[in-house]
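Work out the full structure, taking the sequences as your base and the hints as a guide.
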Amino acid sequence: MSKKRKLARGVAIVGAGMSKFGMFRDKNSKDLFADAFQEMVASVGKGLDIDEIDAMYLGNFSNDFFVNQSHWGPIISDLVGIAPKPATRTEGACASSALAFREGVFAIASGFYDVVLVGGVEEMSKRTTEEVAQGLALATVPYEGRAGFTFPGVFGALATAYFSKYGATREDLMNITIKSHNNAPLNPKAQFPLTIRDIMKKKIESLKKRGEEVPGWGNEKDFLRDSRVNPAVAWPMHLFDCCPISDGASCMLLVSEGIAENFTDDPIYVAGIGQGSGRGLHACDDLTYFEATRYAAQEAYGMSGLAPKDIQFAEVHDCFSIAELIHIEDLGFFKPGEGYRAVAEGRTRLDGSIPINTSGGLKCKGHPVGATGISQLYEVWTQLKGRAGKRQVPKKDLHIGAAHNLGGTGGTCTMTILERR
Amino acid sequence: MGQRPFSDISYERFLAEEKIMGSRCRKCDAVFVPPRPICIHCHGSEMEWVEVKGEGRLSAFTCIAVGPPFMIAQGYNRKNPYVSGVVELEEGVRVDARIEGVDPNRPDEIKVGMPMKAMFLRREDGEESITYLAFKPR
Numbered sequence: 001m002s003k004k005r006k007l008a009r010g011v012a013i014v015g016a017g018m019s020k021f022g023m024f025r026d027k028n029s030k031d032l033f034a035d036a037f038q039e040m041v042a043s044v045g046k047g048l049d050i051d052e053i054d055a056m057y058l059g060n061f062s063n064d065f066f067v068n069q070s071h072w073g074p075i076i077s078d079l080v081g082i083a084p085k086p087a088t089r090t091e092g093a094c095a096s097s098a099l100a101f102r103e104g105v106f107a108i109a110s111g112f113y114d115v116v117l118v119g120g121v122e123e124m125s126k127r128t129t130e131e132v133a134q135g136l137a138l139a140t141v142p143y144e145g146r147a148g149f150t151f152p153g154v155f156g157a158l159a160t161a162y163f164s165k166y167g168a169t170r171e172d173l174m175n176i177t178i179k180s181h182n183n184a185p186l187n188p189k190a191q192f193p194l195t196i197r198d199i200m201k202k203k204i205e206s207l208k209k210r211g212e213e214v215p216g217w218g219n220e221k222d223f224l225r226d227s228r229v230n231p232a233v234a235w236p237m238h239l240f241d242c243c244p245i246s247d248g249a250s251c252m253l254l255v256s257e258g259i260a261e262n263f264t265d266d267p268i269y270v271a272g273i274g275q276g277s278g279r280g281l282h283a284c285d286d287l288t289y290f291e292a293t294r295y296a297a298q299e300a301y302g303m304s305g306l307a308p309k310d311i312q313f314a315e316v317h318d319c320f321s322i323a324e325l326i327h328i329e330d331l332g333f334f335k336p337g338e339g340y341r342a343v344a345e346g347r348t349r350l351d352g353s354i355p356i357n358t359s360g361g362l363k364c365k366g367h368p369v370g371a372t373g374i375s376q377l378y379e380v381w382t383q384l385k386g387r388a389g390k391r392q393v394p395k396k397d398l399h400i401g402a403a404h405n406l407g408g409t410g411g412t413c414t415m416t417i418l419e420r421r
Numbered sequence: 422m423g424q425r426p427f428s429d430i431s432y433e434r435f436l437a438e439e440k441i442m443g444s445r446c447r448k449c450d451a452v453f454v455p456p457r458p459i460c461i462h463c464h465g466s467e468m469e470w471v472e473v474k475g476e477g478r479l480s481a482f483t484c485i486a487v488g489p490p491f492m493i494a495q496g497y498n499r500k501n502p503y504v505s506g507v508v509e510l511e512e513g514v515r516v517d518a519r520i521e522g523v524d525p526n527r528p529d530e531i532k533v534g535m536p537m538k539a540m541f542l543r544r545e546d547g548e549e550s551i552t553y554l555a556f557k558p559r
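First to last, the protein sequences are chains A and B. For the first sequence, this note's numbering assigns the number 1 to the initial residue and increments by one for each residue that follows. For the second sequence, this note's numbering assigns the number 422 to the initial residue and increments by one for each residue that follows.
Source of the hints: derived by calculation from the structure; they are not laboratory data. A quick note: this is a predicted structure, and the numbers were derived from the prediction, not measured. Don't take each hint at face value.
Unchecked claim - Derived DSBU-like pairs (lysine-lysine); straight-line CA-CA distance at most 35 Å:
(1) Lys-500(B) with Lys-335(A)
(2) Lys-532(B) with Lys-165(A)
(3) Lys-500(B) with Lys-208(A)
(4) Lys-221(A) with Lys-500(B)
(5) Lys-201(A) with Lys-126(A)
Listed below in structure tokens is the structure:
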């Protein structure tokens, strides 16, 4: 059991920004970060003097591999005009910017800094799909790679363990994919703003145009069952169980609680943060949960004094459909083995009891790995501010949301709880 | 045998000799495969080598259609997938391994819980020969 932890002083988010996510031939990491930064500056209600920023923490997994350029801290701090103030890069695979957020929180809580920029960036689409797969596989555990496991392969294996223990099937995972695709068209920054039904109709139109036979898909699941349009990548993970290759950037401005109202009338506060580390498939106690997520959740709930029932909505790391299912159980929203039934009942939909991945999730919003952690917090912040437009969670008094980020094959997991007071 | 360090390199070298070797903590008897130099249960660092039998059950598996470069080089692709899995050995430890002797195109016939037995796959890579741990149904 982890100790009950607290910050030495409170931390608030007073601004946030995010680039559009997608595959951009004509934009590099600096261009994307500039987009996120400018939106963040404009979002600070009472205005921001950029010279007030004391330091920056930036999450980036592997631009070293993806674009042959390392050492992104000073490149970005120079871009946004805060050099020579300190810039520190954090790396935790796909959880890299959740770690940047934590470091920013700690830097303020310690009293050392008052105003900190935290962000994340990744530029993946300049590489081929095979190369990206190779790059991401740098974050597996060595023994997994040796046995031929890819990233989708590790999550495919976890799915077989879950299916075997709890009786779920591929059909249950399809419910998650369909739900995420239903949210995505409501998010103007999503990489794939299309429902499965939209994608199905497009496919039918293009087959008709080419004079080819049109399969008799009656609904979304018929479409997802058809391996011609949804081929296996690492069974039972098929194409539509997997997040895409993306470019993107995200950032937030953190300040000490005492000065938050100098920046905005409506600060969002950090209620709880947690982080855990995992051991890889071979050393897990059980292949149907992530020990690191459970640890992170325990830390975050412990610090906040909140329980899973208090979380009104959450962004959850869905690099693969099975990951969302396991995590909604690990975070305590549903009991182990019951998550897939809750998903089937619609409880995680935008209008459900606990909406999950209102942004469309990594699956549809996109997953530029180093930018993902703070992009999840950006969605929580946007919802808590009531600025989510058509995807606004339809609950009265929305005031507590959470984000969960996973790196590698469960090696680094975080949970962050935000609150509007 | 006691001379070899409790390391990944030693584990690989033992595999080349067709042995699955782990370390056992002298203080608390915990067994680790691959070997660890430091016990994660009692934090002791007095280890001894232990050979495991190579029999167990399939804990999880996946049939991989899009593999890493070294698997593609071995001829695996969308039309010729392969299986990777996790096997729980009778000694109570789990290992990641290739799974042979099952049909990667018929995943519904592969069952978690299937009894498995170790085998060793030797691949020549230029001058070098690499041995991969694999399991097949028993």
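Requested in this report: Please write out, lowest number first, the hints stated earlier that are contradicted by the structure.
Outcome: 1
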